[in-house]
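Work out the full structure, taking the sequences as your base and the hints as a guide.
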Amino acid sequence: MLTKVLPLAAEGEEVNPLLPHTAEIIFGFVFLVLLAIAFAKVVVPKFEKAYADRTAAIEGGMNEAKQAQAEAKAALEKYNAQLAEARQEAAKIREDAREQGAQIIAEMREQANAEAERIVTHARTQIDAERAQAVASLRSEVGHMATTLAGRIVGESLEDEARQRRTVERFLSELEASESARQAVGTDG
Amino acid sequence: MIAGVSTEFTPPGPESFDLPPIINGVDWFTKPVLVAALTVVVIVWFFWSASRKAEVVPSKLQFAGELGYNFVRNSIARDAIGSQEYMKYVPYLCGLFFFILLNNVAATVPLVQFPTFSHVGWAYVAAVMSWVIYNAVGIRKHGVWGYFKHQTMPAGVPGWLMPLMIPIEFISNILVRPISLSLRLFANMFAGHILLLVFVLGGEYMVFEAGSIGLAGVGILTFLMGFAIAGLELFVQAIQAYIFVVLTAQYIGSAIAEDH
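Residue numbers (my numbering), protein chains in the order written: chain B, 1 to 189; chain F, 1001 to 1260.
Just to be clear, a hint being listed does not mean it is correct.
[Unchecked claim] Label-pair ranges, simulated between beta-carbon atoms:
no. : chain 1 : residue 1 : chain 2 : residue 2 : range
1   : F       : Glu1209   : B       : Lys41     : 52 to 58 angstroms
2   : B       : Asp53     : F       : Pro1158   : 49 to 55 angstroms
3   : F       : Val1144   : B       : Ile58     : 41 to 47 angstroms
4   : B       : Lys41     : F       : Pro1158   : 47 to 53 angstroms
5   : F       : Ala1136   : B       : Ala74     : 53 to 59 angstroms
6   : B       : Gly61     : F       : Met1153   : 48 to 54 angstroms
7   : B       : Met62     : F       : Gly1143   : 42 to 48 angstroms
8   : B       : Met62     : F       : Ser1059   : 22 to 28 angstroms
[Claimed, not checked] Dumping the calculated BS3-like pairs for lysine-lysine here, alpha-carbon to alpha-carbon at most 27 angstroms:
no. : chain 1 : residue 1 : chain 2 : residue 2
9   : B       : Lys41     : F       : Lys1053
10  : F       : Lys1060   : B       : Lys46
11  : B       : Lys49     : F       : Lys1088
12  : B       : Lys78     : B       : Lys66
In case anyone wonders, no lab produced these hints; they're calculated from the structure. Ideal Cβ placement from N, Cα and C applies to all residues, glycine included.
Encoded structure:
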């Protein structure tokens, strides 16, 4: 059967469609190999490179975004830290001011107290001095008046000034002594 | 058969595919060879210009090229072979797919109108190349004996079934695959073309030569039917290119798979 159909190029023979032409087998092989080589050498590497570049570009963009995000986060943390620091500092300053104020008030009070004391002391010494002065002047005046009065009453002029003065002094001293004794008794009683 | 028939209608047959050489005396230079050579030029030109300046942001041409390339690379090769080893086979599968697709579709292109793969030699050579490739990569991966076991002894089959399974698996996985692969493509193209010839030539005959008004009307309908058939054929042509390459990819995938 094969021998009968094989020479299909012969004129007038029945054509068997299942028998191939040799030329077509050769060309088919050559064409397919050519196409495979063309794809392997040119098309596939070029396209794959473009794909790899595309992937890299997308990944690069994503990495960039990630980096920017990290930077923003770091900045935020920094600002937050700075803010907390500033707050702490403000609190410290307030505390210091309060302390300082209290100190100033205490100082002022002390100063005022000292001043008041000084004024009081001054006044007291002045009063003492004035009193002493008044006592001294009173003493001489009272003595003089008493002498004059006594002279008038007695009717005789007490000429001896020195004696007069001594007498008055003695009298006043006694008076004072009795006074202070009475006072001591009074405070005791 | 009908009165008034001037010449007898000779239905198209296998001899309709026996085209004379384009140049007298150069027997090998036939229409299929010319068409196939033109498709090779078109494919190489198109993908070369699409990928020549491949950029991150593609041009329109690059986008179109990537569309076709991605279809074979992702939908056929990667799905069938697996994402580990598929890249090795992408060039062959791309070349195979676009070669079959363009030669099939050429059968619908005016002035060409002849399916290259209706000449069985083209289908044989494509199928044998696929057969050699998947067996070779299987043997390289598993060794001769290991590959034989891999293809003929499915995992999980009890031992007493093996005398039955081994011949069946051997015939279906090793012997029949190249035949079914080539004949499926060839027969579809052959039958589609002969169907078109019947409708077109028959319609033409009835309109112009049958010499009867009724038959002329039927002839016009037949002729119109031929257009519908041509539309269907366009679909079949694309599907057959897809099936051929998907099966090749699956054979490769199953040959290098770790386990059945």
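* To do: Go through the numbered hints given earlier and state which of them the structure violates, listing their numbers in rising order.
  => Nothing - there is no hint that the structure violates, so all of them hold.
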